[in-house]
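When you get a sec, could you build the whole thing from the sequences and use the hints?
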Amino acid sequence: MTEHAASNLHKEDVLQEHLIESLVSTQGYLRRVGSEKSRGYAGEIHFDKPLAMDRELVIRFLKETQAEAWEKLEQHYSGSAEDVLFKQLDKALKDRGLLDVLRQGLKIVPGIPFVFCYFRPASGLEPKRIAEYEANILSVMDEVVYSQKHGNRIDIVLFLNGLPVATIEAKNLLTGTTFRHAEKQYRSDRSPANEPLLTFKRGALVHFAIDEDNVSMTTRLQNGKTRFLPFNRGRDGGAGNPDVESEHRIAYLYGDGDWGSAIFSRSVLIDIIGQFMTLEVSGKNEVMIFPRFQQLDAVRKIMTHARVNGAGQNYLVQHSAGSGKSNTIGWLAHHAINLHDADDAQVFHTAIIVTDRIVLDRQLQSTVSQFEQTQGVVKKIDGTSRQLKDAIAKGARIIVTTIQKFSTDHLKALSGQSERNFAVIIDEAHSNQSGKAAQSMTDALTREASSSDDIEDLIAEYQKARGPQSNISFFAFTATPRNVTLERFGVQGPDGLPHPFHLYSMRQAIEEGFILDVLQNYMTYKAYYQLEKTIEDDPELSGRRGQRKVARYANLHATAIGQKVEIIVEHFRRHVMGMLADQAKAMIVTQSREHALRYYFGVKKYIREQGYGDLKALVAFSGDLELDGETYTEADLNDFSETELPGRFDGFKPDGTPYPETYQILIVAEKYQTGFDQPKLCAMYVDRKLAGLQAVQTLSRLNRTRAGKDQTFILDFQNTIEEIQTAFKPFFEATTVEAMSDPNMVYDLEGRLYRFGYLDKEEIEHFAQTYFKGPLSGADRVQLEGLVKHAVARFEADDDEGRQEEFRQLLKSFGRFYSFIAQIMRLEDTSLEKLATYGNWLSRLLPNREVPPEIEITDDMLRLQAFKVVEKEAGSASLGAGDTEALKAISEFGAKPYTEDEKKELSEIVQAFNDRHGTDFSEADMIRFEQVNRDIMDEDMTEMLRNNPPDVVYAAFRDAFFQGAIRMFQRDNEMKNIVLTDAEARDKATRHFFNRALREARETETRGVR
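The working numbering puts the first residue of the sequence shown at -18, with every later residue one more than the last.
The hints are simulated quantities; they were obtained by calculation from the structure and are not laboratory data.
It is possible that some hints are incorrect.
Capping the alpha-carbon separation at 25 Å, the derived lysine-lysine pairs in PhoX-like fashion look like this [stated by the list, open to error]: (1) K53 - K72; (2) K130 - K109; (3) K30 - K44; (4) K165 - K18; (5) K585 - K652; (6) K130 - K165; (7) K597 - K586; (8) K30 - K72; (9) K165 - K30; (10) K265 - K690; (11) K265 - K770; (12) K130 - K182; (13) K853 - K507; (14) K793 - K770.
Distance windows between CB atoms, simulated [said to hold, decoys possible]: (15) K375 - R208: 39 to 49 Å; (16) H556 - D476: 40 to 50 Å; (17) E226 - D476: 20 to 30 Å; (18) G637 - R208: 10 to 20 Å.
The beta carbon of each residue, even a glycine, is placed where N, CA and C say it ideally should be.
Below you can see the structure in the form of structure tokens.
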């Protein structure tokens, strides 16, 4: 390798030369001459400007690999064979593009086929195909004078079999130039007009701007409109590249290392061209897709691991929203079905892509199909689950479907699949993939008819089928993994806790500019209202349900919505409407269908009254909605079908022509808050409580990038900045959990269920003997239902509603937790499987809890005396490096810590209780009242405590606390009697826990305005 004198280190071509020499010495490239300025120039230039290729290497490749076809060409065209070839090749490049020519080759009359690239075969069983792949010629030129109009030079051009696949402009940090200067050079001094090398599709497939530390790339040069994307590995959880010992940070381009093979190596570069790159066509728009680094890295690392470890593994891929997840899933599926292990055995026979959203299902089907190079490889399941069953049974290679289609009874019966291996790729992996639907999917892919007559063996097989399967690998993709997702699919790290197999964090995506920081401009508003009763002491308005209805009445009141609508519309017109050349959009997020409808009418009314003819709104909600005696549907209000809404809101038809009507504001209730990709969304107006994952997914609708979109706005009428930051923290960098869930909790739950006295072990045993013996007949079902109804009768005979409700919830908790634990570990206790199956039947047969009729609050009961909305917090809510928070494991949550004064007061109350009643209560007994506080402190009670004097709200708290205490102590007669009969003792306890609740509510408020 060339030594560089100290005086030459500041020259721009030092990095350029280092890269070229590395490719030649370690990656098998040939060095060729691009101009008289090239370092290896000796009188001959190999670059052909009009054709933008290395003619000599094209001919060499064709003669060496396809001698018979070349001989036929020479025979047919005698002395003009080369001219005919290059004329037809040039025409094909102009008409079809370089990518298609490399993949599909070229035919010349009279039907002489030529291949311009041999891709690596999936299997090594055909030596001829391996030899063809090895015969590909990789070459590199420096200082390429590409234009016939002027003397402009490209620093580096990479060629495959003489055809240009990549250009590179390299800068040297020591000269004060960076990759940004290279980007600018491409934009201002590399016009593609009439330049074959730089022409979109016809010329080089990708263009890189580099310095020693950073890489960016583009697939289309458009002068000043050219958009470069980062192509970096990521550094310390954010943007950039990590240090590499004795090398530049961008060594992954040209050298092998702990990142794997070099990007420009034979194995990676040809794989990108053959299996990754694609031309995406939408109407009149064409986009050449080149994988981003994290997409390429994820697919290749997963496939490397699967090649060595085979099927039966779990992979959690935490990739931020806006990271191109649909493309990554598509590439992974196509790579998975072609993967072979070291012995050339196929690792996966079928890849099944699963989503739990029907809208995304269609989007994924389209994305995956565009990578399909062999007709019929991708099977889209857009019909019934019977269609899905047939696709699996017939050995379809790639299937795209929804998880719901796995849950039907006939699919469970599918057997004989355990000899085939499946790659199950889950889009947006959340709790749904840890429950019954996921279990049905596993059953379908593993269960075989058993020859055993022993029921215990059969039950053990059922239980085993819940756990990890040797023939199924799960690849779970999500930007926001929950605790159960991490434990179900994560890879155990040195700390013993689960971690993502591959990470592309929200922080890195924001820093790299792939998504916008939606928390950057965050403004919160607070609504204050004053109500007066028109009927004194109306019993309908007391209690927790009454409080919620009062708050709902205030929020839905025309006055309240009118004030918020004015704030929203005026903010949109002043700050948002002119963005994106007047194409900016906004979304109003509401708390219910009725709320959305009243907002819709409010917005239309305000627009009409103000004469804003340039502003129109749409509304989105499901089903029919009756309001004020009239029935409404989304389609009727918008005047077009629900399926048309995304396109109408965007403003353009699939063919790129505009719709006659333009809409700026979309008002939603539940719909379009997840999985809705509209880059023109620049503002969101939130009028519903958001928390955790829901907050992140909803607000992330704003983060999609678009040319000219450099900021977003959020106005929030319901949440504080701190609440939103808390929601985002677990997902900002790598998501972690504090600890693993304790599997022994399943036995705690089992014991608690039996202690109610409703369950009988012998009945459960008889149930299991019938249920697990095989296919159930009608008579079997009658018998099973009869067995379960014994427990139902015991349940109904109990007149303690509190106990009944606790059992009902505990039974559901057991079912969910057992299903989760059984999926992450092999359990060898068939009694748990019996109880889970029996409990599932019992849960369905238990009588529904009687729900009191809804309270309808009207103007006859309340009058809205005053309402105002005031700005509260404004500024940036953005998170910074290290702003993360681990998720909790599945467990019970403790109460807020006691202050010293509260501990002293609690001790005094306990002493007073014991002195008055001769009891022996401890402080731990009294702390059970904390559960009452947790039950009654919903959003409305918390707001009431925050915003009113203690003497005003004490009565409402006291009533709710008393009712909660009665429910809590149904089985503790001693405590229940004291609560019911001793007003003084009850009041002391109530006052104590009221003060605790007041402190917690107001501390939360204080933190929210910091």
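Here's how the hints hold up against the structure:
1. K53 - K72: holds (21 Å)
2. K130 - K109: violated (44 Å)
3. K30 - K44: The hint holds at about 23 Å.
4. K165 - K18: Judged against 25 Å, a Cα distance of about 22 Å means the pair holds.
5. K585 - K652: This hinted pair holds, its Cα atoms lying about 20 Å apart.
6. K130 - K165: holds (21 Å)
7. K597 - K586: holds (11 Å)
8. K30 - K72: holds (15 Å)
9. K165 - K30: holds (23 Å)
10. K265 - K690: Distance ~22 Å between K265 and K690 Cα, so the pair holds.
11. K265 - K770: Answer violated: K265 to K770 is near 64 Å, above 25 Å.
12. K130 - K182: Holds, at about 21 Å.
13. K853 - K507: holds (6 Å)
14. K793 - K770: Holds, at roughly 17 Å.
15. K375 - R208: 39 to 49 Å: holds (43 Å)
16. H556 - D476: 40 to 50 Å: holds (46 Å)
17. E226 - D476: 20 to 30 Å: holds (26 Å)
18. G637 - R208: 10 to 20 Å: holds (19 Å)
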